[in-house]
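Based on these hints, arrange chains Y and P on the given structure of chain L.
The residues making up each chain are set out below.
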Amino acid sequence: MPVQARMEISWDLLLNAITAGLLLGGFYAAVTAGISISFGMLDIVNIAHPAFVILGSYLAYFININFGVDPIIVSILMLPFFYALGTLVYQVYYLSFERRGQESLRGLAFFFGLLFVTEVTLILVFGVDYRYVEAAYIGPSIHIGIVDLPLRMLVPCLVALALFSAIQLVITRTFTGRAIMAVSQDQLALQLMAVDPIRIKRIAFGLSIATAAVAGALLIIIQPVEPSVGREYIGRVFAICVLGGLGSMPGTLIAALLLGVVESITATFYGPSWAPAVAFGFLLLTLAFRPAGLLGR
Amino acid sequence: MGTIKFSLIAIAIGALFMAFAHWFQVDYLFFACYTILQFIVLATAWNILGGYCGYVNFGSAAFFAMGAYSSVALHKFDPQSFELCFTDSTCMTFHFLDWAFPLPIPVLIVISGIVSGIAGFGMGYLTLRLRGSFFAIATLALAVVLQTLVVNWDFVGGSRGAYIIRPDNLEFAGIQINYIEYLFALMLLLTVIALNTARIIERSQLGFGFATIRDDELAAEACGVPTLRLKLIATTLSGAFMGMAGAPFPYYIGYLQPASAFGLEYAVNSIAMPMIGGTTSWIGPLVGAVLLGSAQQYATVTISSAVNLLIVGLMLVAFVIIAPNGLVGLVQDRLRRRRS
Amino acid sequence: MTALLHVDNISKRFGGFVALDGIELEVTPGERLGLIGPNGSGKSTLVNCICGTLQNETGSVVFDGQAIDGLAAHERTHRGVARSFQLPRPFHSMSLADNLRIPLLYTVRAREGMLHAHSDLEGRCHELLDMVGLLKKAKQMPRDLTQVEMRKLELARAVAAEPKLLIADESMAGLSHSEIEDILALLVQLNERGITIILIEHIMSAVMSFSQRLAVLVSGKKIADGKPEDVVRDPEVVRAYLGQ
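In order, the protein sequences belong to chains L, Y and P.
Per the numbering used here, the very first residue in the first sequence carries number 1; after that it's consecutive.
Per the numbering used here, the very first residue in the second sequence carries number 298; after that it's consecutive.
Per the numbering used here, the very first residue in the third sequence carries number 638; after that it's consecutive.
Note that these hints are calculated values from the structure, not bench results.
Treat the hints with care, since some could be wrong.
Stated by the list, open to error - Only some residues are given here: those of chain Y computed to face chain L with a beta carbon under 8 angstroms:
id : residue
1  : A318
2  : T424
3  : A435
4  : L439
5  : V604
6  : A620
These numbers come from a predicted model, not from an experiment.
We put the beta carbon where it would ideally sit given N, CA and C, even for glycine.
Pulled out of the complex, with its shape left as it was, chain L reads as follows:
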């Protein structure tokens, strides 16, 4: 094939890959927002976070299939339940580990166990078949020139960005939000201001799990879901969090978009079987060479 023609085809593919990557990255940012809070600010390595996301996906699926409710609406209705779940998990975590000062080994094992139990329970209840939801915007696409914008990716991306902005606003503008930032920096000072740091951390963790509800619904709109999909996201989520600089929301967004684009280009030009390695490879490289992240703290 003449070089000229090959270049033209690549252009088209490349632009679409980048666009898809950006849309995907926006979604990744929403998934990572929870980890930015729990790991970036509270220093809790909640590797079970993707399991909660998948749980959100399955709940959205269940209600969508049986009652025909739009998955995004479902997730918003589920926010209080996931919030409560998050506070419960934190309470157990705090009483069992943080208070005893054993968070490193045991805390990690605890969350790993949670991840595992959630995944296996979902397998037992729903089986290993892929599940997907039905909604009006899954299917049609908008075309701008040679670029395709599938609505099933555009809508989640927009919702994700909205969620992300909402969290950023809560963190920076509300008293509780600023208390959360404070607790990550100086717990003692917070206590001296008569604010109970444990309560703040509980709220923060609840918040992080609540985001998983929405992220889960968005996930199952973008792609079909089966229980082990969560595991792929562990690396992605932590890669983005570390790359973006722990606890920095703007950094997380940039890192998420970057990762989305690189993954998308890799999948388009080298095949989708290489895509999981991209995020994890990024993570390893970041940890090895620039653990403070791109925007470093």
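Quick look at chains Y and P alone, frame taken from chain L:
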């Protein structure tokens, strides 16, 4: 109890068991117990880094699979047809290795140990200077990266997997030994070596140093403990043993697939067994592996493998919350209370 | 006399925050130096940079005639720098005697390259525990100790490494008057044996009675360095730290 006495007792128990199973021609016992021995090695290996040093490795499956796939790669390597070409005309052949191939399993085990040990060292070197939580996440990442590489490597079968035909018998000094029993014997030897290594470390200055890393790494450094060096020793040993446990696996199972080699049950079990058994001593992983391993063998056969994994996960969470020092810890507490 | 420790114009920042700004400090062998300053002035950061827990960005730390920048903390301990932590950090899974055995094994033995017999180590541990009055609790665990006892253990562990320079980081915070006297007496005793000591404290009476020389750190800068009675009358020091 000295190392030699311990080893002899362990081998004697194993030999008795083998004789029993051999006499009654119960092949299934060999299969089941091979798996348990494998888990003892994995749990012990995990514990060297996790229990002694306090650094959690979620990627046990990666090291195990590295061992398994080293075996597969070397099994498929045919010195008669393989050529390494540097340019179109200069190629290197390997006929001089004809006599050595196919490699006997003990050699494969050693090679797997070296490969996995180097991987453990490499990964440690990249990530051990960071906090323990970063290390843990990095191990997860490694497992997935490795799995992706293997899935895309056609030489070892990629995602389709690889078949390894297990011979029925092995001829040794004129005697025909049943291959399953041979694999079992090798795994038994490996288990004894692993347990001994853990015991020796525990009682040595090295083990002491490991404990300081677990207790308070900053204070350890201030006391003159070369923490990075010790952690690298731990990751290398840990990775090496996990790889060695994986080396005979393809022969045991006959068909190796990335999904099974990198399966999550290896990661979960190698963490759950030491944590349930007890992480501060070599006995913990042994107890955990025997109990949990047997329970799982039973459950897989009677209920289903998914439920069995669920039980393992629940037990892990429960033990981590209620009995952080595991079964061994509970026993030690009981003894201490009785003493005072 | 050449300085044992020469902190040569070191700086350290955390992101946008300047913790240390061109600190210049010298300690002569056998000296008792006091280091004071308000909270957040950079005292702990300075200690961390000297001991290797943190690395200074500019300047150099010279110990015993050799630059030790870039060396890991354990290597600096091997060379003779020891510190006690502000919040005691014992090895909680080991007995007191075992806590002391660690620096003996990993620093003293490593340094001298000699193989001490097991009983030698045992004897030395007991000697050190006796020095701080904890001999009776040799087999107990750190969680059974009181605050004072943990501070003493912390000091004993630092001394076990047979340092040339000992940095005592706020070992007396929250202690009663007699407890402070105990620790001071211990530090003086160690100094008489030849160990150079940097005492970081907020308790002015202790600092004044102990120090031969006094340095003051405020907002990452050294604002005074001289004889204690002169420094406490320095108007800048009074304004920044001591108050009217």
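Hint check results:
no. : hint : in the structure
1   : A318 : 32 angstroms, violated
2   : T424 : 5 angstroms, holds
3   : A435 : 5 angstroms, holds
4   : L439 : 7 angstroms, holds
5   : V604 : 7 angstroms, holds
6   : A620 : 11 angstroms, violated
Of the hints listed earlier, those the structure fails to meet are numbers 1 and 6, in rising order.
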